[in-house]
Structure formats: C-alpha cells, structure tokens
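Participant: Residue strings, one per chain:
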Amino acid sequence: MSIRKRSTVAVLAVGVLALTGACAKGGSGGTPAGDAKPSAASTNGPSVNTAPKITIGTADDSKGPAIAPEGVVKGGTINQIGRDDLAHLDPGRIYSNVESNFALLYARQLTGYKRIAKNDYKLVGDLATDTGEVSDGGKTWKFTLKDGVKWQDGTPVTSADVKWSIERLFADYSTEGAPYVQQWLTEEDYKKAYKGPYDGKGLDNLETPDDKTIVFKFKEPHADANYALAMTTYGIVPKAKDTKEKYDKEPFSNGPYIIANHVTDKSMELERNPHWDPATDPIRGAYPDKWHLEFGFQALQVTDRFIADAGDDKKTFSFYTSVAPERLQQVLSDPTFKPRLMTQASPYTSYFYFNLDRVKDIKIRQAINYAWPTKQTQQIAGGPSSSVISTSILNPTVSGFQDYDLFNKKTKPEGDIEKAKELLAQSSNPNPTIVYAYNQTPTQERITVAIKTALEKAGIKVVAKPLNTKTWYDSVTKVDNGFDLYWGGWGADWPTAATVFPVIFGPVTDGAQNISHLKDPAIQAEIKRIQGLSDAEEANKAWGALDKTIMETVTPLVPDLNDIANSLHGSLIGGAEIDPISWVVTPNTIFVKQ
Amino acid sequence: MTAVTLTETGPGRRGDSFLSVQDLHVSFSTEDGTVKAVDGLSFEVEKGTTLGIVGESGSGKSVTNLAILGLHNTEHAEIGGEIWFEDQELVGASRTTLERLRGNQIAMIFQDPLTALSPFHTVGRQIGEVYRKHKGASKREARDRAIEMLDRVGIPNARVRVDDYPHHFSGGMRQRVMIAMALVCDPSLVIADEPTTALDVTVQAQILDLLKDLQDQMGTSIILITHDLGVVAQAAHNVLVMYAGRAVERGTVREVLGAPRHPYTWGLLSSAPRLGSSVDVPLKPVRGTPPSLLNPPSGCRFHPRCDYLKQVGPDLCSTEQPELSPETGHADACYLTLKQKQEIYTELMEGR
Amino acid sequence: MTIPSETTSEPAAAIAPVASGGAPVGRSPGQLMWRRFRRDPTGMISAVIVLFFILVAVAAPLISMLYGKDPYTTYGQDRPDLLNEFGFPLLPNGGISSEFWFGIEPGLGRDVFMQLVYGIRTSLLIALAATIATTLIGIVVGIVAGYVGGRTDYFIGRVIDVLLSFPSTLFIIAFMPVLENLMVKPDEETPVWLRATALIIFLTVFGWAGLARLLRGNVLSLREREFVEAAKVTGASPARIVFKELLPNLWTPILIQSTLLLPALVTSEAALSFLGVGMIEPTPDWGRMFLRGTEVYTDDITYLMFPGIALLIFVVAFNLLGDSVRDAFDPKIRR
Amino acid sequence: MLRFLTRRSLGAAFILLIVAAVTFFLFFAVPGDPARLACGKVCPPETLAQARHNLGLDQPIFVQFVEWFFGIFAGREYEGLGHCPAPCLGYSFVNREPVFSTIVDRLPVTISLTIGSAIIFLIFGVGTGIIAALKQGKPLDKIASISSLIGASVQIYFIGTLAMYFLVFQWQVIERPRYVPITEDPIGWAYGLMLPWVVLAIIFTANYTRMTRSTMVEQLGEDYVRTARAKGMSARTVVLRFALRGTLTPIATIFGIDLAGLIGGAIITETTFSLQGIGRLSIQSVNNSDLPMLMATVLLAAAAIVVLNVIVDALYAVIDPRVRLS
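Protein chains in written order, with UniProt numbering: chain A, 1 to 594; chain B, 1 to 352; chain C, 1 to 335; chain D, 1 to 326.
Only chain A is shown next, with the shape it has when bound in the complex (with noise of 0.2 Å):
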C-alpha cells in the first residue's frame, strides 16, 4: 500500500496556503515623509522643547503646601504599570531618573525644585527653611531644618540625620549614588579618604551646632551646592533606624507615603504617612489616599491597555513606559487620544564623538556632520513624533541655551553630501577612513547602516565595528580605544550647563565622561573662567555662547537626535505630567479624578 503518495497534496496544500497568507491586507499608507507636511507632533515640536526656567526660590517660597493642579480631587487609589521593579529604595543607592523621580514618595532632601506653573521651577527649601547661607567664598554652606518636619513614627528628623545620610555614603555597602558631595568634602576617590560612620569617626567638616542646623565646609568653592542636595542620593536616612543593605528593601519614610508592601518585581503598595505636614512640603500634592504599583509588563501590553483605557485601566498611569513603536501610529494621528497624551523631549543630550586624538583634521570632522544622515536616523528611531533634530551641544532645558545650526542639519536633514565633498577636498584627506565603533543593539545596527550608506556617498570609508551590549562603554571610555567615532550621552544631574562642559570636556582619564579627548587650552580656560562667576544668569548666558565656539572652533562631535517621550495614561487621571527635568512623570501633581 503506497504511503508516499498521501504526501502528494502536501505540497499543493502548502502552494495555497501560501498565496491567501502573502495578500492579507498589510501596510499602512500615511502622508509620505517626504513632502515634510507637518505632522500632529511636530506642530507641537516647538512647545515640546521650551526650557524649563529654573530660579532660586525665597524661604518664603519654601513653605508648603505644594501649588495643586487645576481641578485637584483628593483622596482614592491610583495604580501604575510598567516593565521593571524599582532597583534601589535606599535614597543613597539611587542614581537613575525613575529611581529619583519614585523616591519623591517618601523621602526628602534639604532642597528640591518646586513647579509654579508649566516650565516655571523654583529650587526652593524642602526639609530645609530655604536654599542654604553660602559664605566663605562658596566653600560654606549652612541649612537650617523646618520645624514640624517629622519621620513616619513621629520622631523628628534632627541635623544629626543630615549628617549621618551624608556620611554613610562613604561606607562599603553604598556604590551606585552620586559622588559629588562626597568628593567635595574630601577628595576625588571619596572612599579612600573616609570609611562611612558605622566606626563611630564622623566627617569633622560637616557640623551640627545643634539640633536643626548643619553647615557644611568644603574644600573648594561650589556654587551650587543647593542643587548637589537636591539630587536623591542626599535624600535624608534616620540614624536610629539606619539597616544598612537592608534599608535598601525597606526605606524608613519622612516624605507623603509609606511603602505598605512590596513583592519584588510584582507589586507594591504605598499608603499615607500620618506623620507628614503638608505645610512643611512645598513640592510634593500628595493626592491621592492610596499607590498600586505593578511590574513585568512589556511596553507593548501597557500601550494597549492605555489604548483600550478599560475598567481600572482608567486610574493607571505608566511612570516611563512610553507608547510602544508599534502603537505610535495609532495613537499619534487619532486625535481622541490627545487629552490622554503626554509629550516631551528629553533633558538628556546625546552625540557621536570624534576620537580627537586620531581625527585630527577639522575639516573631516565638519565634512561628516554635512553628511551626517540626521533624517534617515530620524526615520529608523520612528520618525519626527519620536525625535527631535539638534543641532547644538546642550540640551534645550538647559538653562541658558542658544539655539544655532552650523551644519544646515535642519534645511538639509537628508545630508548635504556636496559640502562634504567640498570640505573633503580641501581637507587632508579627500576619502579617510573612519573606525565606527557602536552598541550592537537592533536599532543601533540599522542606523548604522544609515550611517554607512550616507558617508560612503560623500566618500567617506566607513569601517563599522559593534561592540557587545556589556563591553560597549568600558570599550569606549577608554583613552586609546582605537576607535575614530562613537556614540555617547550625558544627562546634567541638575539643570545647568556647569554640569555639562566641565564633565563632558573636563579631565581625560580612562571611564571618565570626556571620550572626545577634547584637550584645547582655549576652551578649557573659558570652562574654568564661567565656573567661578559667582552670578547664575550671566554663567549660563556665558555657557550658551561657548556651546557655538565649541562648535565653530573645534567640532569635537556630532549632536544626535533628541528623543522625544509620548506616553498616555489613563482617562480618570489628572495633573499628569513628564517632568521636564527627569523625563519622568512626576508624581507630585499627579490625582485621580473619582
């Protein structure tokens, strides 16, 4: 009996399937990005990317409670979805955005920014009565603590807390914070000079006259101290219930809420701290009775439960899952989503750096950013609603930024591959060769391709080298990494230039920031005059100039795209908004409409 003949169908069977499968209806059409109509997120492109403006608030501007959103409603319980559980509660262990912009919920520092109005900040006092007395030149700043200002079993938080946050930084437990006030009291590798307080020796330049006042004496002057001390890492720890590793699951809370329960990478619940005053709180609404927080879930699933905004989907919001790519077309060009959506660029700034010491002709390098394929990269990351182009090295919410395009990237976002040619000739070497080096990531490999393809056309040789995800920024802050171009990014750790230029341009050291190598005498005195003027509104009127001779004078890099964040949150929610200095949204205005 022939069983061989049975698989004759097979194959028709399978010629079948195949053309009902090819002709299912796919594609999507939409306005061709060529003729540049404006689409629904560029019209807003402009308002996406306006500096927030941040000033120093007055003591009386330090005082609670916080300014509450239009249309405020107290009380319920609001819930937040997103992919990953929160790494590090111990405010000392916190260095990332989402980890800073949560901790809001229940921890503190001396000083914070408090939101006036839309764009309109103020660094105001928090546990402390105003931004800080700064005398001896800088090198001394004095806090004195608010009265009221309570933990969450209703003992006061003392200046001795202050102190000892400050000093159990320096222990062997606590190494991903920031390092700056540390470094500021003793010396740049600050856990070499002084091993933490659980020895009983104390940091003899850091005083605590009596119960509510601290003074701090550092080395050198720094001005802006007060911002250092509003980042989390200085969120403010009790000493009596200090649990070393372990206070990094269970934070002891001074701050709206207190963590009810949490099961790791699940859920967490957070419920009211009856200790907490709002009249001693300028920054933080507290609205809402009651937090639920769940994680694991992929951006793609939180867009589609945003989408469609079903039974308690409408009191969730999502902290920084924005709309996943394959929804952005959905969601941006149907309007009824707009009241739902939340855009804004991001504060952070990124660039593909020219290794100087190996590119050493200007003209090359200024050949390469006429070339540069900004709209192709543009359109690999999700076209103009995903990001936006820039031209220059500081971010726009940098305060004292100026805009400018050297490089005609806006009129001619496809590349201007003639001037680059024209430059080529004149430089050194008409078709050089450049080490690419990139972070092998799916996206990143087809933008390389984009970028292959664009300098190849104005004879560029492009040799493409990908580098494992892991050893990507060991690789490529190495000094002599053997590369000519590379990808890389810096988020100011608060809103001023004086904490771009100095790090990004600042020493040039094996893991350092300064990958570009940028070691011109010019430029790094002009860094050093502008960080010692004393007045904020001329240091970074002067920032935004250097920004352009930087350009101008040296091309040390090419700026990259900047992202922009549309997320969506459910229709019950209120007061949402990402805060335009974390790229978070903050939950200090945030409430849940019944």
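In case anyone wonders, no lab produced these hints; they're calculated from the structure. Please note that the accuracy of each hint is not assured.
Said to hold, decoys possible - Quick list of in silico lysine to aspartate or glutamate cross-link-like pairs, DMTMM-like style, CA-CA up to 25 Å: (1) A:K246 x D:E77; (2) D:K142 x B:D209; (3) A:K266 x D:E97; (4) B:K284 x B:D228; (5) A:K246 x D:E79; (6) A:K219 x D:E46; (7) A:K217 x D:E184; (8) D:K135 x B:E350; (9) B:K135 x B:D163; (10) D:K138 x B:D228; (11) D:K41 x A:D224; (12) A:K246 x D:E184; (13) D:K41 x A:D265; (14) A:K244 x D:E67; (15) A:K150 x A:D242; (16) A:K315 x D:E184; (17) A:K461 x C:E180; (18) A:K457 x C:E180; (19) D:K41 x A:D563; (20) A:K192 x D:D33; (21) A:K241 x A:D313; (22) A:K478 x D:E46; (23) B:K135 x B:D32; (24) A:K241 x D:E77; (25) D:K41 x A:D474; (26) A:K201 x D:D223; (27) D:K41 x A:D84; (28) A:K244 x D:E97; (29) D:K142 x B:E31; (30) A:K419 x C:D78; (31) A:K244 x D:E184.
Dock chains B, C and D against chain A, hints included.
Facilitator: Then chains B, C and D, alone, in the frame of chain A:
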C-alpha cells in the same frame, strides 16, 4: 473421467459436518495486481476429529484458516464462498458475532510462540482475559482458571509461573502457554497453524501428544496446518493436501499417505526421508518452484511441475482445471485415471 | 521437511517458462534507491523545490542584476515617496508594487524580495556547513566509540551525555561574545564570515552528539556480525574494516540523519538570529527579518508573511525530501 | 530498581557539576565587568572596587565557584545581606534578591506552560497518530500526515505572532495571553494560557503524530496483536491495550526530551507572548551579566534534561518488562 462439477453453493448447509468450507475464495489487492491466495477451496471437518492440512508455504493454508476466524483486513482482502460452523455462517457474520466466537468456540494456536505472545503482559493475564471476556469471570476466577490451564498443559508450579512474562519461558513452554490460552474456554474447534515448526523434535512430540490428550478429554476438533508429513501422519485423522490455493487431494491419513493418488502428493512423500529406506537413495524433491499467485498457471496449477502430462493426453492439464472428485471419501484433482494413478504410485514405491 | 530447491531434471522438455517477468537483472543498491525514488512523486516535487532554492541561492547576484535591485541599498530612505513619516510603506500590503515585488522593509526601506533571496544564501550556507561538520564529527566519534569500545567508549559516552544535557539555545546566547572575542582582531572591520563561523561552531558543538550516539549504537551491533569477524580473521587492518566493512553499512542511517539535520539547522539558525545572536546587519538573514517582522507586525503584517511562508515552504520541502530519501533508501521503515 | 536509581542519580549529579563548572568559568570569559553595572553613572575606581567586592567578584574564580557550590547544600553567609538558607543559589547581581526565590516565583509560569501544552500535544498527537495508523491510506490519514508535516515545519515566532495578530488584535477573539496563578483562578489560568498552549502544541503535535503513526503501523503488524484479535478481544482493546503499549517506548523517549526543553524555559514562546517565565528570566540574566541568576537558569534546564533522562530510562522498564535496568 467426468469432471464432477460441484453444485453451485446451495442456499442451505451442505452436509451435517461440524465445520464446512464451501468454495472459499480469498484474494488480496496489491500494488502489482490481485493475488488469488485461495481459489475455490472446499473441505469439511467432523466433530472430534483432527484434519491435517498439508502444503508448501504459499499454498494458502494459513490464509484459509485466518478466513475462518475472519481475521483478514477487509480493506485489502475480498472473501468469497461460505464457511459454516455448526449452524452459523462465518463469512457474512457481523463483527460482534465473530468476536464472540473467537477464542470462545474457535481458538487458534500460532506458529512462532516467541512473537505470538504479548511481551508486555503476564502469561496469567493473557490467558485470563480470554476467560473474563467470554465467560464474564472475575479477576480471581480468571486467575485460578489460568493456573488450572497451565497445569493442564504441563507447566510446572503454575501458581508461581502465572505471573511471569513470556520471555521468562522457553520455546516449548511458550507453545504450551499458547495452547493453554487457546483452550481456556473449552473451544469446540482449535486451529493450530504449524504449532511445532519452531520447536525441536522432542518438544514437538510432547506438544502433539498434549493436543491429542486434550482432544480426547474435551472432544475438540482440531485443524492442524503443517508442511511436515510426519506430523500429519502422527496426529491427524484426515488429510487435505493444498497446492496454490486449491485442494488437490483429500482423504483419511491412511488413504492419502498410504495410497496417494495425486502427483504432487507423490512428490511430497518422495521428498520426505523414510525411516525404513536405505540411506544412499537420493531424495527426489518436487521439480520447479511454487507458482506466483499473481497470475497462476492455466489449467491444473501443478502442471508446470508435473511429470505425467503425457499420460493424460495432449494439453488437457494445461487448459482445464481439474476438480476434486469424487464427492466424499478419498478424492483427488487430477486427470490421470485411477488405474494410472495406482500403477505409477506402485512403480514409484519399488524405486524406493 | 521438503525444501523446494531448484534442480534441473532431464525431462525438462515441456517446462513452461516461469510465468512472472523477465529474468531478474542485477542492480546496485544505489540504482535500486534511485528507481524507487524516481517513482515517488512527492519525492520528485520536493527535490525540484529544494533544487529551486539552491539555484536561487547560487544565482542570487544574477537575479539581483536582472531584478535591478540589491538587498543592501536603503531604497525607502533614499526615495521620499516610499515610506510614510513613521517609516512604514505607503502602498498597502507592505508596499508591494511592480517595482518592489515583495514590498519594502519598514524603517530602512530595503527590498524584501532581494533580502529573501540573499537570506536563503545565508541560511543555506550556514546550515549546510554545520550539517557537514556535524555529520563528519558524528561519524568519526560514533565509529571510534562503537568500534574501539572499552574505556574510550565509556569516556565518549559520558562526553555525549554532558553535551546533551546543556541547554544549547541559552548557552549560545550567553557565550556567543566569548567566541567572537577570541576571533576578532581589533583594527579591521568585523568580517561577515566571523559571525557565520561562530554560529557554525556552536551549532556543530551541540549537534554532533545525537548522531554520534546513534552511529555508536549501529556500530556496536554491526561489530558483532559475522562478516566483521570474518574480515578480522582474514587479518584486515582496523582501518580497512572500518572503511570497507562498517562504513558502507552506515550510509543509510547517516544519510537519513543528515536529511533530518539540515532543515533542523536552518530553523535553529533562523531562531538564533531571531534571538539576536545570529548574523548581524547588513547581511540579509531570515531570522532577523522575523525579528523585525514581530516588531512591526501590527502595522505591516505582510512583511512578516514573506519570511514566514518562505521558511515554511523551504522546511516542508526539505522534510518531504528527507521522507522520500529515507523511504527510498530503507523501505522497511514505514514512516 | 533502587540500585539503578542511585547509580543513575550519581551520574546525573556528576553531569550537573560539569555543566555548572563550564558555565561558571565561561562566564568570566565573557568580556565586560558585571561590577560596572552595579556602580553609578560616574564610578570612581575605589567605588568600582567596592562594588566588585560586594558581589564577591574580587575573589579568585575557583574560590567563588567552590563557595557557590557549597552554598547550594549548606547555605551561605553574605556580608550585610545575612544568611541565605540551604538551597542558596546566591543573590542576584541586579536586585540583590535571593535567586532561589525568584526562580521559585517564575517557575509556575513555565510549569503551567509546559503542562498545558504537553497535555494537548500528547492527546492530539498520539490520538491523531493512532487514527492515522488505523485508517492507513484513507483520506483521514492523508490529512493527518499533511498537517503533521506542516506543523513540524512551522516556527513558533511565526505562528505565535500570526495568532497574536489575528486572534488578539484583528478579530479580538481572545484576550492577550497572561499568567494567572492556578490557585487564584483556574479558569482564568486556562483562559490566559490557552493561546500559547495551542501554538506550542501545534509544533509538538506534529512529531507525536508522525512517531505514533509509524510505530503503531508496525505494532499492528506484530504477531501478538493478531493473537489478541484471534482471542476475540474487541478492536478497541486490541488497539489500546496491545498495539499502543508497543508505541509507548518511542513516545516516552521524545516526550522526555521535549518536556526537558519546555521546563528549561521556552525562551521564544515566552518572548512572543511576553510571559514572565524561566525562559525570559534566563535571557534577562544574560543581558544583565547576572551570574547567580544565569547559573540557576542553566542548572534548572540541565537538571530537567538529566532527571527526565533517568525517569524515561526507568519508564522503559515499566513499559516493557523485557528491558532489565542494566
């Protein structure tokens, strides 16, 4: 020598014999055409007697008996003719009636005990399940019955061995288990398909004696299929010689072995060594090879291998198919006259 | 006990010729296999499809020349009228048009038809190389273990056990960088073949154990057979025994296993690329097309259909061919 | 049987030790320093050294392995994180949670995925195989062979994504798959995992149909099956008690391998349906250079393979009494 035409299959039963096979046709459809394995076979079995069916392999012996039990796969096999068992017609019988019959009234013993028993079940279970199925016995009763049957067929300390698996038994023992399994429901007919071929001579004798004793005790009639004349001589009452799907000679053991009338039977006998004959007389096997059943030879199927075509006359054998005659008693299917048959046979005998 | 043996006797005059067919003609197993294979329609059809795929892979540059496009140029980006602002093809059905027969890739805008054609090359090359390597190692180790026996057999047996206990996919994902790092030379560009060799090495390392164990079993049983002992008795050297006696008997299981192995390796290569450890841009690769497809399927399902259907037909054809070869080679094994 | 089990489990333990050792030492050959991830954006050398010490990476690799190994049996003392109880697989580099509890937390998802799909593909696979064998050559046999052929050639990430696209998004026939613990809501559990089960089953069913069909056809030709029919057993008993019994051995072999693969974490399925199982956990451990988690997931997968091998071998003896446990 008139060709006796058999009456067409009459409506009612023919003869009062215990089992009557009438004009049985069994053919299989294969890729290369239809194989006519059994082409018009008729025979009878009397109650309590043993019928030996003899023939070369491929002569349709086993196919016939599988047809009796209706074990052929109906998709590929067409079965014609009638089989009457007591007063039940089997070819047309429904599946359920056949199932109720098999193992209960008609049982079968297979040739190779090594593969015929399930390796996965204990001997007791395999015997017991027949008893439970047909007699509705409980597990306990079935097990006792199995032990009793194992004793009967001569397996030592049956109470222990009942829980052993087939591979724990030797070839002979396994055949005894087969027999125990066949006879557990006291069937009235047992079909033994070459039960002793796979065994050595000493065990073969024991098995045949066992069958004989059981027949005497329970009166079961037996169909013994074999290609070994010695076995037939020793165990059977009547003999049926088959060749290429048809019966060529039938009669009692004494008639067929004593005074065979069909050239093929002569051939069979002359190719079997005789105890008495002298050692250096060469055995004379039958010339040629068994015919292909795809397109069997015309006329008498044996004519290509028969030495006596001349005596019958010009090409009668190769055109007309001889029928088994006479109706009852010692019959054969050959155009040679009775006298010619006796002369040739006696001449053959002197030669030995 | 009459054994119907064939003897010629004098009065043979009237013997009719043996009724069935002409005298049997002697044929080598190869010819027999080919005759059975030719008579099997499915086998032939699948062989044609497989040949078609191989032909397309070999003639890819020719097709690219005739079709006028190549898999590397990003058409969608160079010409503004192809992709909309979100990077998806403007025309429906994934941008299928007379110019781009299978449409264009969302984002980079490369031609899907050419990606598929060159994709066959990548998958087939890697899978073929890995199959050959796996089969060779499998044969050598299998025979050595089976034939030599004793301590080496025990040792090889344990190595096989350990190898089969590794979770291979997870292992490849975790340790691909290790192999890559060993082979990369800092200055020049990472060559395409580097990633391919790494893949082949990993696929082979985890592939040979199964075949080796199977062949060891076969060799163990063959070793006991009389004809091998006979060869030994005649003083044949072990090498002669292995090549002249054992190997010819192993061709059937070897061929059967390799026809099974090839489609399996094609799918695992695609799976590894899907998981991001396979071939990297810009080498066209089906697995990576799948990865991209699953990212954009909600907006452009057609892009996912092409690699899906292509791989399905490719693997079905191979499986069918494997079935027919197995059947032709060893009809006793009823699938 | 006992002697067999002890001898084989010793062998299994030995294999697991080798797998663990190879994974452990190979981990340190992967470029990149895991400590770097546990240090902030700006990471001065001393802090990096501190981070490396906290993760125990500053000790020689061999010492780390020995400590890790004994940790499993005797538990381990961690500086600052306290005692990690007996089956201590260490603390994850990422969230400093005991790895063992994370594995225990994620295992139910993978187990549910495994059990659900296994039931489906066993029943349908073997079932269709039997029917195809009984109805050999008939149209039903043809359909079964075609579907099993296509099923065996289809890829999870293709058919899974298609199922998601058509069933979940386009026609909204079924909700997006998610995991609901069976203890809380059994119906929700089944409903949530139905789609992944079916998709997984489609691929595996194909193998079982082909395997059962070919072995069953062989078994039906066996003498003892004919004897069974000759004994008057009903067709159903003949197939299920006799013929099927013979096909169990090859089915057990491939079932052991498939089950081990599924327990080790169906990486692609869990990614396609975004289920937080062991598969996803293993990928995360690779991406985050999380050594303890990687060791745990690799060990779990290897243990599943090895244990199931022993079980399958023991099963052979149960299925076929002729097999003696050598």
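Participant: Return the numbers of the hints above that this structure violates; sort them in rising order.
Facilitator: Going through the list in order, the structure violates hints 2, 7, 8, 10, 12, 18, 21, 23, 26, 31 and respects the others.
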